[in-house]
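Q: What follows is the residue order along each chain.
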Amino acid sequence: MTAVVDSMPRAGFVRGRGAVIGFGAPLVLLLIVAILAPLLPLPDPNLQDLGASLLAPGSPGHALGTDQLGRDILSRLVYGARLSLLIGAIGMLLGAIIGTVLGLLAGYYRGIVDIIVSWLIDAQLAIPFVLLAIALITSNGRSLIVLLLVLALFSWAQYARVIRGETLALRSRPFVLALRAGGVPGYRILLRHLLPNQAGTVLVLATLQMGAVMLAESALSFLGLGVVSPDISWGAMLSEGKDQLVYAWWIAALPGLAILITVLLVNLLGDALRSVLDPRKRRY
Amino acid sequence: MTALLDIQGLTITAATSRGAVPLVRDVSMSLDPGEVLGIVGESGSGKTTTVRSIVGLLDPNVSVTSGSISVLGRTVSEPGREDYESIRGRHVGVIFQGTGSSLDPLMRVGKQIIEVLRRHRRQIPPAQAKQTMLETIGAMGFADPERVARSYPHELSGGMRQRVSIALAMVTRPELLIADECTSALDVTTQKSVIALLSSLVSENDMGMIFVTHDLMLAQELCDRICVMRRGQVVELGTTEQVMESPREDYTKALLEAIPSW
Numbered sequence: 056m057t058a059v060v061d062s063m064p065r066a067g068f069v070r071g072r073g074a075v076i077g078f079g080a081p082l083v084l085l086l087i088v089a090i091l092a093p094l095l096p097l098p099d100p101n102l103q104d105l106g107a108s109l110l111a112p113g114s115p116g117h118a119l120g121t122d123q124l125g126r127d128i129l130s131r132l133v134y135g136a137r138l139s140l141l142i143g144a145i146g147m148l149l150g151a152i153i154g155t156v157l158g159l160l161a162g163y164y165r166g167i168v169d170i171i172v173s174w175l176i177d178a179q180l181a182i183p184f185v186l187l188a189i190a191l192i193t194s195n196g197r198s199l200i201v202l203l204l205v206l207a208l209f210s211w212a213q214y215a216r217v218i219r220g221e222t223l224a225l226r227s228r229p230f231v232l233a234l235r236a237g238g239v240p241g242y243r244i245l246l247r248h249l250l251p252n253q254a255g256t257v258l259v260l261a262t263l264q265m266g267a268v269m270l271a272e273s274a275l276s277f278l279g280l281g282v283v284s285p286d287i288s289w290g291a292m293l294s295e296g297k298d299q300l301v302y303a304w305w306i307a308a309l310p311g312l313a314i315l316i317t318v319l320l321v322n323l324l325g326d327a328l329r330s331v332l333d334p335r336k337r338r339y
Numbered sequence: 004m005t006a007l008l009d010i011q012g013l014t015i016t017a018a019t020s021r022g023a024v025p026l027v028r029d030v031s032m033s034l035d036p037g038e039v040l041g042i043v044g045e046s047g048s049g050k051t052t053t054v055r056s057i058v059g060l061l062d063p064n065v066s067v068t069s070g071s072i073s074v075l076g077r078t079v080s081e082p083g084r085e086d087y088e089s090i091r092g093r094h095v096g097v098i099f100q101g102t103g104s105s106l107d108p109l110m111r112v113g114k115q116i117i118e119v120l121r122r123h124r125r126q127i128p129p130a131q132a133k134q135t136m137l138e139t140i141g142a143m144g145f146a147d148p149e150r151v152a153r154s155y156p157h158e159l160s161g162g163m164r165q166r167v168s169i170a171l172a173m174v175t176r177p178e179l180l181i182a183d184e185c186t187s188a189l190d191v192t193t194q195k196s197v198i199a200l201l202s203s204l205v206s207e208n209d210m211g212m213i214f215v216t217h218d219l220m221l222a223q224e225l226c227d228r229i230c231v232m233r234r235g236q237v238v239e240l241g242t243t244e245q246v247m248e249s250p251r252e253d254y255t256k257a258l259l260e261a262i263p264s265w
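First to last, the sequence lines map onto chains A and B.
Residue numbering for the first sequence follows my numbering, starting at 56 and increasing by one per position.
Residue numbering for the second sequence follows my numbering, starting at 4 and increasing by one per position.
Do not rely on the hints blindly, as some may be mistaken.
[What the hints assert, rightly or not] Just so you have them, the derived chain A footprint on chain B, three or more residues with Cβ under 8 Å:
| hint | region |
| --- | --- |
| 1 | 57-65 |
| 2 | 82-94 |
| 3 | 105-115 |
| 4 | 170-176 |
Bear in mind the hints are in silico, worked out from the structure with no lab data behind them.
These numbers were taken from a predicted model, which means no experiment stands behind them.
Beta carbons are placed, not taken as given, at the ideal position from N, Cα and C, and that holds for glycine.
Next up, chain A with everything else stripped away, as it sits in the complex (with noise of 0.2 Å):
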């Protein structure tokens, strides 16, 4: 009979313990390679060689090509991934710290700290982010904290606003009561069972937000408002790259396509994650 069970196919191939390592491992691969990018024999990025302008992907020295002012795309792409991994990360973070915080808040005690949460979260998601981020940072100079704050703003309605619900839903749930009949204290109901019985959706969550906040970095700096040169980030050459287009591809897609493979591991990695961390779906 095992062997029945065994050939069963598996619910998604996004699961247990070996897909965590199989997406996590170019992550890490990508972090060390960042981390490390000044130890690594790369011609500095932001170094021009006009002679050496919009070379294609595999000329001699410049492995991935080179943009219009014959900069080393392979350089500036590993120095990017610098900027935009601990924008993503950081951006995610606090977003994710602060959402969540309120919206259990929200959900647990409801009455007025619900009344004013929701009102901050209606007010949140009516306001245009980029009109906000303009105002934002044109007010407060730009600079790496302002535009972290301007992203965790950006994104920590969508946690506050699905952990409230989540929370209003589980706070009814028998366990909670049988908790609160017992004597536990909120706080700790909080903290021990309704946020680790929604670790699954923060995880999932901040996975999809990682990837939106790493797009509104991109955005913002294609407003000007983000990362300029001499700083590099995958969207601020993604931005650079989009007027040659047409006769240099790879000066938009390369970046481009780095976002996109990055983005898709961590929202992987999120789904194998939230599959291991959850006893229930757990194989023995």
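Given the coordinates of chain A, work out where chain B should sit on it, guided by the hints.
A: For chain B alone, kept in the frame of chain A given last:
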């Protein structure tokens, strides 16, 4: 002797968009130690609302508008004043309806029981807490408490989960146990074993119990007195014999006649 539970003139109202809707009206009942009181009634009769008000677990838009509740002579609720923290777990344990969701699905059941225990005995050393937890699980008729304690709720059957829920309510040795439809979702044989367990727990520990059910036959089996509720009011309250043999109210007669005979 101080009554274990004394409810006087309890009225509970829900604030809705259409104004205040009374859920429970002028309910009075009391319970002595060692006594089992059954609260019987159809869905929506206010059984659950009444017992939840004893531990202050009403929904936020629902509140006690008049009357008082006292547990062991200590007033826990009267208009304008509430004090549930001092009795939750310590003096009153609650078992909720449903078998699937009365335990946190992501925590091993032993850990959940210890968590409630530690709320009330903060200085208890970990080894002793574990010992108490295992003893409580063992008292629920499990042959291998260690193994049950290590399990996640989904690894246990419905009847086992409900017995673990009873252990969760019993671990602090409360004087009053409230069983809110705790056998409704179980099959008949499992129901019987849970009822037998509750019955022996009450007599061994000299506890009082409120047993909420829609099943008059179960109430008859377990309870000393029965309180019949309908539309938020007590329509009949008396000893089990009185209520079952010579019901005074038409509604109770109708309920009795609705029991299939065989």
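Q: Which numbered conditions among the earlier hints are violated in the structure presented, ordered from lowest to highest?
A: Those not satisfied: there are none.
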